[in-house]
Structures are given as C-alpha cells and as structure tokens.
Amino acid sequence: MSPLREPNKISEREVTPAAVYFNRRTFIRAGVLAASAVATGVAYRHLNPVGRGKVNTPVIQGLVKPTATEDANGFRVDEPETSFQDITHYNNFYEFSTDKEGVAPAAAGFDTKGWQVAVEGLVNKPKVFDLDDLLKISPPEERIYRMRCVEAWSMVIPWVGFSLSRLLAVVEPLSSAKYVAFQTLLDPNRMPNQRSSVLDWPYVEGLRMDEAMHPLAILASGLYGRALPPQDGAPIRLVVPWKYGFKGIKSIVKIKLVETQPGTTWSKYAPNEYGFYANVNPHVDHPRWSQATEQRIGEFGRRPTLMFNGYEEEVGHLYAGMDLRKNF
Amino acid sequence: MKESDIRFIKLLILVNGLVPLALLVWDQSHNRLGANPQNFLILTTGMMTLIFLILTMAVTPLRKITGLNWLIQFRRMLGLYAFFYGCLHFLCFFSLDRVFSVSSTLTEMLKRKYLILGSTALIVMIPLAITSTNGMIKRLGGKRWRALHRLAYVAAIAGVIHYYMQVKADTRQPLVFAAVLAVLLGYRVVVYLKQRQPPALSPTAKANAAA
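Heads up: the protein sequence lines correspond to chains A and B, in order.
Under this note's numbering, think of the first position of the first sequence as 1, with each following residue one higher.
Under this note's numbering, think of the first position of the second sequence as 1, with each following residue one higher.
If we strip away everything but chain A, and leave its shape as in the complex, we get (with noise of 0.2 Å):
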C-alpha cells in the first residue's frame, strides 16, 4: 500500500469484514433466543410437570364379584370405567397436596403399617380393630361405582370394599345413634400438608343412620382389584356413590356414632356452598358454578349429571319429603 498512510489508522484489511461480523452478531443472538427459549420452556415445565409414577399395590385376593340382582340394584354401573392411571393420578386429597395432580407423589410411601379404626361412640360393642380383623368381616367385593366430585368432574371406580352396614352391625348400635362420625388421621409427619391451614383438620365427614346402613354405602380398601393406593385413601375410606366425592372420607381412622349431626370439614369450611347431605342434584348448583353437567375424566364433551348420581332408584327414598335445596 502506499507509504503515505497515517501510521494510527487501521488498516482495510485489518477490519474485521462486513459478513463475518454481522455473522458472528446473528449467531449470538440466535444463542440468546434460543437459550430463553429454552429458559422458558424449562420454567414452564417445572411449574407444569409431566410423567406420572407407577402404582403396585398388592392384588386383593378372593374378590367377589356382584350378582346380575346386585348389578340390577346399583353395585355394578354399565359405563366404561375410568383408567387406572386417571384414578390414581387425579385425586382431592388435601392432607398431601391441593393439586391433584400433586396427590400422587407427594402421598407415595405413605406408611400405614399397624393401622387401626377405633369404632365407638354409642354402641353396645366398641372397639378397636386392627386392619386385618376389619377387613375379615366381610369379603371384599367389587363395586362399580359413578364418583362425582363436586368441582364437576366424574370417573367410573371399580371399588374393593363391602357395606358399612355390616361393620356397623358387629358393634351393635344403641337405638338412641341417630348419626355416624367419621374422621382421618391426623399426623403432619405422615399428611404433610396439614401443616396447611387450608382447612380444619383432621378431616371430619358423617352420614344419616339410615344413609349409613344403605348397602350402596361402602368401606372401600382397594380399587381395580389391588389394595388402595395412598392417594385414594390409603388403607380404607368410605364411599357414597350417590353423593358428593368429597363426603367419601379417606384414610379412615375413627367411626363415632353420635345422636346428633355431626360437623362435616366442608360445611364448616364454607357452610353455604357445601350441605352435610351433598347429594348429587342437577338442580341444585353450587352457589358458583353449575351442577347440570359432568366433565367425566376421559371422555369429550359433558354428560348430563343424574339426580343422585344416578341412584336415584336405589336412595331416592331417603330423602322422601325433604327439600333438597335446603338440605343441599
């Protein structure tokens, strides 16, 4: 080049060219976008996770299945049932999460080695039952029941359980038990999120006489023919397929009965919004939403929800005369 030139300036060649340097500035910034994006999606999936666990509880052996009579009278509901993994990974269960996608693993390993129901209050045998023994009083059988919570969602559960009627019935209530009351554990270390205050715990439910010793009303220690995993209630829970899912109780370990109705953790918690009785009714919506139509788990579309959950032959006379809008 020419002598001529400034020794300071910088030469034409030294200059990085036009393309490599607008290269190089596109390359960063497609890093960058691609880096936050990548940010984002990471964000996004750990407040959204995917991937479920696998349930192994053991089989239950020596099931009964219902008879084509006991189909007839509501045992067994003819509707495809809801799969195993939806049961299992969809669940109300406020003691371990309140989001039910959050039940399953925050309730895995839950321990319910050396369980036991106290069953007592006004009758002629109290007594504490071992698992074992409470569940030798009668064989378990199958029970293919509707579950319809009362956030408008609905499954269809094959149940393991067999009727309250006949525990009931080895303690021989007094004629002045007008009422059953139920109650879950209460052990933080074991439910960790009753260290919450979202609601009053132990979780407390309760049943008419009658409602308890209807047949359809059962205590449920397995579904799909394996022992309950802990997110279902976790080793045995009630199951009162004509009312709401959150009168079936879980992890069950004291049954008081009582000559008068007992508090219910829902109707304290909200008293105009959830009834001690909690039907199912069509009719009767929630006081924020509508109670017309079901979003049944794994289906499109919604299904028109049935008075009594469907049962309204085989408990409709309960309520005879009753103003249900009242006794919602």
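Everything labelled a hint here was simulated from the structure, so no lab data went into it.
Idealized CB from N, CA, C, for every residue including glycine.
Don't take each hint at face value.
[Claimed, not checked] Under 8 Å between C-beta atoms, here's a sample of chain A residues computed to sit facing chain B: (1) Gly-31; (2) Ser-36; (3) Arg-195; (4) Val-198; (5) Pro-202; (6) Gln-295; (7) Thr-305.
[As the list claims (entries may be wrong)] Simulated restraints, written as ranges between beta carbons of each label pair: (8) A/Ala-19 to B/Ile-6: 22 to 32 Å; (9) B/Ile-130 to A/Ala-43: 28 to 38 Å; (10) B/Ala-129 to A/Ala-108: 38 to 48 Å; (11) B/Ile-6 to A/Glu-12: 26 to 36 Å; (12) A/Gly-263 to B/Ile-65: 20 to 30 Å; (13) A/Val-50 to B/Thr-107: 49 to 59 Å; (14) B/Ser-101 to A/Ser-175: 51 to 61 Å; (15) B/Ile-65 to A/Asp-323: 40 to 50 Å; (16) B/Val-167 to A/Glu-81: 48 to 58 Å; (17) B/Leu-18 to A/Gly-114: 51 to 61 Å; (18) B/Ala-22 to A/Gly-51: 33 to 43 Å; (19) A/Gly-51 to B/Ile-126: 33 to 43 Å; (20) B/Gly-142 to A/Ala-108: 53 to 63 Å.
[Stated by the list, open to error] For the chain A half of the interface with chain B, some residues (derived, Cβ under 8 Å), not all of them: (21) Tyr-21; (22) Ala-37; (23) Val-50; (24) Arg-288; (25) Trp-289; (26) Gly-301.
Please build the complex by placing chain B on the supplied structure of chain A, with the hints as guidance.
Just chain B now, with coordinates in the frame of chain A:
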C-alpha cells in the same frame, strides 16, 4: 438502545411468548396434559392471560423507576399477548367446556358471576387491542389513548377476581396475582397523588421558599 437491538428484544418476546403455547400443543398431542386436559388447557391459557396482563402493566412503573425509557417499546407486544391468550382461553372454554354450544355459553356467561367478570376482562381488552397500532394512537391523541388504555386495570382486576372465585379452598395462587396487581395499582395511585400535590407543598419547594 439501537433500533436493531430493540427489534431483537421484540423477537425474543415474540418467541418466548409462544413457548407455553407450543408446549401445551406438544403435551396435548402426546396425551400428557393429565387426567383432565380440558380443564388444564382452560386453566393454563387463563394463567398466561393474567401473567401477560401483569407484565404489560409492569412496564411503565419499571421504566419510570429504572429510567430505561426503551422498555416502553415492548408494552404493546406484551399487551397483545395478554389478549391473544385471553382469546385462546375463551375458545378453550367454548370448545372444550361448552362443546361449541353458543346458547349454553351465553346462558352460563350471563348466569355465573365469575364468568361475567371473565367476559368483562376479555371484552375490555378488545378496544385496547384494536387501538394498539401507531395509527390509532395518533388518531386518538395521546391523552385520550392513555385514558382508554387504563381499561387494562379493569381487565386485570376482573381477571384476578374471576380466577379467585373458582378456587375451592387453596387461594394462594390467585392471591399472589392479586398482591402483584395491588403493588402495580398502588404505584399508580402514589404517582397520581404526587402529581396532584401543588409544587409549593413539596419539601424541596418549601426549602427553596424558606431560603
């Protein structure tokens, strides 16, 4: 900020705003939205609407506090994303919950308080989206445009109450939204009160007067 940098940040926002939607579609196509995908789609699009509404309303306070005036250039995009996810939220409700029934959508929307609030939020966002162009800002004039766009607060407040009303007992998430919104609203109120104060009453003005 160089024009090309601004354009790059806009691209960043555009792409990142689509990530949740892309993952929703991906998970849905792989049956990974859980036992109640209908509910999950409705809930997630609703959450995204609230998140983008709050991001939109955080721009001006952030700009004023940090002095980074170029932040304002991204507000329109954030606001339009809020509207976009709000529309998706409604479409999910209409298609998955109401199964394309116009009559049941309308009756439910008029009957349920939480749906009245939700529709209010979405409806007030419509004029905001329409008047978001430079041309519309010019046509309306800055003052009127700003007054109109305060409706964003109506949308956010209605949206957060709409969410709160559907929660059964664990109200932590809607309350977090409410708290953030309260901070943003509080900031506006403080700014407004300060501006209304006659300058003579401000401490510096007093000191100056005394001197």
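Checked hints:
Violation of the interface hint for A/Gly-31 is found here, the shortest Cβ-Cβ separation to chain B being roughly 12 Å, above the 8 Å cut-off. Hint status for A/Ser-36 relative to chain B: holds, with the closest Cβ pair at about 6 Å, below 8 Å. Annotation: interface hint on A/Arg-195 violated; nearest CB of chain B at approximately 14 Å, more than 8 Å. Given hint, A/Val-198 at the interface with chain B, holds; its Cβ is 5 Å from that chain's nearest Cβ, closer than 8 Å.
Interface hint at A/Pro-202: violated, since its Cβ lies 15 Å from the closest Cβ of chain B, which is beyond the 8 Å cut-off. This hint holds: A/Gln-295 has a C-beta 6 Å from the nearest C-beta of chain B, less than the 8 Å allowed. Checking A/Thr-305 against chain B by beta carbon gives a least distance of about 14 Å; that is not within 8 Å, so the hint is violated. Checking the proposed 22 to 32 Å range against A/Ala-19 and B/Ile-6 shows it holds: the Cβ atoms sit about 23 Å from each other.
For B/Ile-130 paired with A/Ala-43, a C-beta distance near 31 Å keeps the hint of 28 to 38 Å intact. At about 45 Å, the beta-carbon gap between B/Ala-129 and A/Ala-108 stays in the expected band of 38 to 48 Å. In this structure, B/Ile-6 and A/Glu-12 meet the distance hint of 26 to 36 Å, their C-beta atoms being roughly 31 Å apart. In this structure the supplied range 20 to 30 Å is violated for A/Gly-263 paired with B/Ile-65, their Cβ-Cβ distance being about 50 Å.
Separated by about 35 Å at the C-beta atoms, A/Val-50 and B/Thr-107 break the suggested range of 49 to 59 Å. Separated by about 52 Å at the C-beta atoms, B/Ser-101 and A/Ser-175 satisfy the suggested range of 51 to 61 Å. Distance hint for B/Ile-65 and A/Asp-323: a CB-CB separation of about 59 Å, inconsistent with the stated range 40 to 50 Å. Our hint of 48 to 58 Å for B/Val-167 and A/Glu-81 is violated, since their Cβ atoms are close to 30 Å apart.
In this structure the hint that B/Leu-18 and A/Gly-114 lie 51 to 61 Å apart at CB holds, the actual value being about 53 Å. In this structure the hint that B/Ala-22 and A/Gly-51 lie 33 to 43 Å apart at CB is violated, the actual value being about 18 Å. In this structure the hint that A/Gly-51 and B/Ile-126 lie 33 to 43 Å apart at CB holds, the actual value being about 39 Å. In this structure, B/Gly-142 and A/Ala-108 meet the distance hint of 53 to 63 Å, their C-beta atoms being roughly 58 Å apart.
The criterion of a C-beta within 8 Å of any C-beta in chain B is not met by A/Tyr-21, whose closest approach is roughly 13 Å, and the hint is violated. Checking A/Ala-37 against chain B: minimum C-beta separation of about 5 Å stays under 8 Å; hint holds. Residue-level restraint check for A/Val-50 holds (minimum Cβ-Cβ distance to chain B is 4 Å; threshold 8 Å). Proximity of A/Arg-288 to chain B holds as hinted, the smallest CB-CB distance being about 6 Å (cut-off 8 Å).
Given hint, A/Trp-289 at the interface with chain B, holds; its Cβ is 6 Å from that chain's nearest Cβ, closer than 8 Å. Restraint check, A/Gly-301 versus chain B: the minimum CB separation of about 5 Å is within 8 Å; hint holds.
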